[in-house]
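Go by the hints and put chain B onto chain A.
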Amino acid sequence: MKRVLASLIGASVMAMAMAPVVQADDHKMGGTLTMAIQQTPRHLNPAVQSGTATGAPGAQLFAAPLRYDENWDPQPYLAESWELSEDSLSMTLNLVKNATFHDGAPITSEDVKFSVETIQANHPFKTMFAPVESVETPDAHTAILKLSQPHPALMLAMSSQLMPIIPKHVYGDGQDPKAHPQNSENVVGSGPFKLVEFVRDQHVILERNDDFFMEGRPFLDKIVMRIIKDASARTIGLENGELHMVAFENNVRNINRLKKVDTLDVSPDGYAAIGPIDWLAFNTKKGKTADKAVRQAIAYAVDKDFILKAIMLGAAEQANAPIHPGSPLSDNAVNAYDVDLDKANKMLDDAGYAKGDDDMRFELTIDYGWPALKPQAEYLKAALKKIGIAVTVRASADFPTWAKRISTYDFDMTWDTVFNWGDPVIGVHRTYQSSNIKEGVIWSNTQQYENARVDELLEMAGKENDPAKRKELYAEFQAIVAEELPVYWTNTLPYHTISNTSVGNPPRGIWATSSPLDRVYLK
Amino acid sequence: MNYLLPVIQRIFYAVMLLVAVLILNFSMLHLAPGDIADTIAQASGGASPEMMAQIRQDYGLDQPFLVQLGQYIGKVLTFDLGYSFFYNQPVTTLIFEKLPATLLLVITAQLLALLLGVFLGVFSARNPKGIVSYLVTFIALFGYAAPVFWTGILLLIAFSLKIQLFPVAGMIDVTVEGGWFVRALDIARHMVLPVLTLSSIFLALYSRLCRASMMEVLGSDYIRTAKAKGLSERQITYKHALKNSLSPVVTLAGLQFSAVVSGAVLVETVFSWPGLGTLALQSIIARDTPTILGILFFSALVVIVGNLITDLVLRLIDPRVGKSS
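As they're listed, the protein sequences go chains A and B.
To get our numbering, take the position in the first sequence, counting from 1, and add 19.
To get our numbering, take the position in the second sequence, counting from 1, and add 43.
Bound conformation, chain A alone (with noise of 0.2 Å):
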């Protein structure tokens, strides 16, 4: 929390007096930059497929109209100018003239408008653009967007990770967007960077796009994205220097070995906007977790610090609220459960759960949706047991086995890890929400939970523009939520991005490497 506020207030000042010495860092041109990522992207199209594996190519192949720094603040990319309407109904975008898609067609507003109902059509995140009713395109280089309501949400959504700007001349030729044969191969983009090859479970090879918007642009030749699915070949292969960069580690122990090595930079700076939380979460609706008092009780026997230094290795942060601690919404400041069985104890006689001759009150089951979340499961088995409560821990064969359990609510509690994926209207609003208790949908509100008054307020904070108003109507729906537990946050995910020494600019701004790669170099 500390170190948010710092570098907010770092920043304004920071934003002014050092701007001109930021454009003027002293970069290379030229050189292969050489980085793992972990899974094969399904394709390379982030305008109908979500995630960070498309997100790490998309983002070099596709311009957004903006960017955005370390803090949150946005900048000019495909529009070098932006214009929210007195009464926030109409975005007016001011594209750049001199861009062009790397066929060589220029990037118009027509393209702006057919990217933008492509991803209405086709992009899972229904929610980022539900307000966008029509995209006007009163001259080649200005798009307005006209909305139904204001959608402060939209601003995050005009990044590179979710909202890419495709030519319509290629991807607007009637064939279904999500099966078009020019997402994996002969892909026409609009970014820095131009596909030369992409080889399933191998490689995605990126060489600079000579005739990029953006002057000087970007400063290496190549990148190399190697699709490296082992934890420990990434790891050997940064400290061997095979590899230049690895982001979205989370693997901590390989993190902290790497952490020692001196040609190495680790960072867990990059993933606030990504947003990623891990948490225990309950079914409202059946049960004995359907008890309030159950669930404050739990969260009073499980040990955050625990799992920070026993299972995170101190590699993660505390979370204590549904947005994430390096947002500027969230407020980690709300009730962080700090350890009490006592009280746990104490609350459970209250509300009638006496303890059996076994020294047991009564029996839950934990569901955890992948290996990585086994060990906070068998924590949890042993921290609850403290109070009485005796906990099976259920496996699940796969992703699809846990996700079907869960999304058809058969379970008392599970582990899981969800992203904000920028502005809360995204990615925190589906979890609260009572009209997302969607059966069948994982990551929906599973958790069945129903609050009038936050329905009411993630109503109002998702069209409030005013920064400051919009802050406080989260800030009284975090302390609600944090109060009711449908969910109870312990950390963020130690996401890191490792670089070698010998890399300029590695990513740090919020969308991590789903964000241009144009500023990165090789000293």
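Read the hints as simulated data drawn from the structure, not as lab findings.
Cβ atoms here follow ideal geometry from the backbone N, Cα and C, with glycine treated the same way.
Each hint should be verified, as a subset may be incorrect.
Partial list, computed: chain A residues near chain B (C-beta under 7 Å) [as the list claims (entries may be wrong)]:
no., residue
1, Asp220
2, Ala252
3, Glu258
The list that follows gives simulated cross-link-like pairs (lysine-lysine, BS3-like), each with its CA atoms no further than 27 Å apart [what the hints assert, rightly or not]:
no., chain 1, residue 1, chain 2, residue 2
4, A, Lys404, A, Lys304
5, A, Lys404, A, Lys362
6, A, Lys187, A, Lys132
7, B, Lys205, A, Lys278
8, A, Lys305, A, Lys423
9, B, Lys282, A, Lys279
10, A, Lys405, A, Lys323
11, A, Lys213, A, Lys542
12, A, Lys542, B, Lys270
FRET-style restraints, in silico, Cβ to Cβ [said to hold, decoys possible]:
no., chain 1, residue 1, chain 2, residue 2, range
13, A, Lys165, B, Pro133, 39 to 45 Å
14, A, Gly123, B, Pro133, 29 to 35 Å
15, B, His73, A, Ala149, 32 to 38 Å
16, A, Lys165, B, Gly222, 57 to 63 Å
Then chain B, alone, in the frame of chain A:
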């Protein structure tokens, strides 16, 4: 004719077996809760009910089980393994894209294990009490007992990190430019560690088996006769004894072919070797049913054909096989 009849019979059984494998695999995968819509939601970081319904409709997952099964078998009979949900590519294309890499790895590892195993087996059979013989046994058993991914990681730490001889992952270095020779050399460099890892499992099997079989043969009457005739030690070992002791080794090599495909899954994962194993793992994780089924079908095919070939080769090496039946 006498020679062909059992072969035709075996081919008939093989086809029946394949159909059974197909039905069993399809049914088992269908029983598992959840489907590709969930994994696409996972890869996307979320989903809407409409989107999930759309995916299920697109892939025919909303049809009744028997309809799906019937459609699938019908397609396989026309050599169509279907479309991968995850990659939006024909499964046959995916498999044949990955097959060369796996074959290269598996065949090299098998040959290495076989040659080295036979050599070590013969060597230790000739001096069964020697210190070298015990050392061979120890190393071979160690390789067999150690989990293959662990061996792989150890080799990586030793020869990629401490002594930086070999690359950590992949099959080619895309930054290497040059003619076919340079590229072949590059692939060979990438192959060393995965091949060593994979062959470490089989080395023990072959060397132990060859040793036992050799010792048995060396004790038999005709070897004594050969010695009495005054043949040299070398001639006896390689011409008379080895030829006769090879047949169990060849049988095992054939049977192990299936294990090589399964072992390759782990080795390929550790070394990011872009073969069938990596594809298998990815498709299992993604619950990409057509791809999983395609790979399983293909593996069954490989095993059955491997056994057939073993049988035929044995008939060539050892004329006694087949005559008695």
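Supplied contact hint for glutamate 258(A), tested at 7 Å Cβ to chain B: With Cβ-Cβ at 6 Å, under 7 Å, it holds.
Restraint check for lysine 542(A) with lysine 270(B), where alpha carbons must lie at most 27 Å apart: Between lysine 542(A) and lysine 270(B) the Cα gap is close to 72 Å, so the pair fails against 27 Å, i.e. violated.
Hinted pair lysine 305(A) and lysine 423(A), Cα distance within 27 Å: holds, 17 Å
Pairwise hint evaluation, lysine 542(A) against lysine 213(A), where the allowed Cα distance is 27 Å at most: The hint holds at about 23 Å.
Status of the given 39 to 45 Å range, CB of proline 133(B) versus CB of lysine 165(A): Given about 42 Å between the Cβ atoms, the range holds.
Satisfaction of hint between lysine 278(A) and lysine 205(B), Cα-Cα up to 27 Å: holds, 18 Å
Range hint compliance [Cβ, lysine 165(A) to glycine 222(B), 57 to 63 Å]: holds, 58 Å
Satisfaction of the hinted span 29 to 35 Å by the C-beta atoms belonging to glycine 123(A) and proline 133(B): Given range 29 to 35 Å: holds, Cβ gap about 32 Å.
Per-residue hint verdict: aspartate 220(A), partner chain B, C-beta under 7 Å: At 5 Å from the nearest chain B Cβ, aspartate 220(A) passes the 7 Å test, so the hint holds.
Hint check: 7 Å Cβ-Cβ cutoff, alanine 252(A) to chain B: holds, 5 Å
Proposed proximity, lysine 132(A) with lysine 187(A) (alpha carbon, max 27 Å): holds, 9 Å
Straight-line alpha-carbon gap lysine 404(A) to lysine 362(A), limit 27 Å: holds, 15 Å
Checked against the numbered hints given earlier, the structure breaks hints 9 and 12 and satisfies all the rest.
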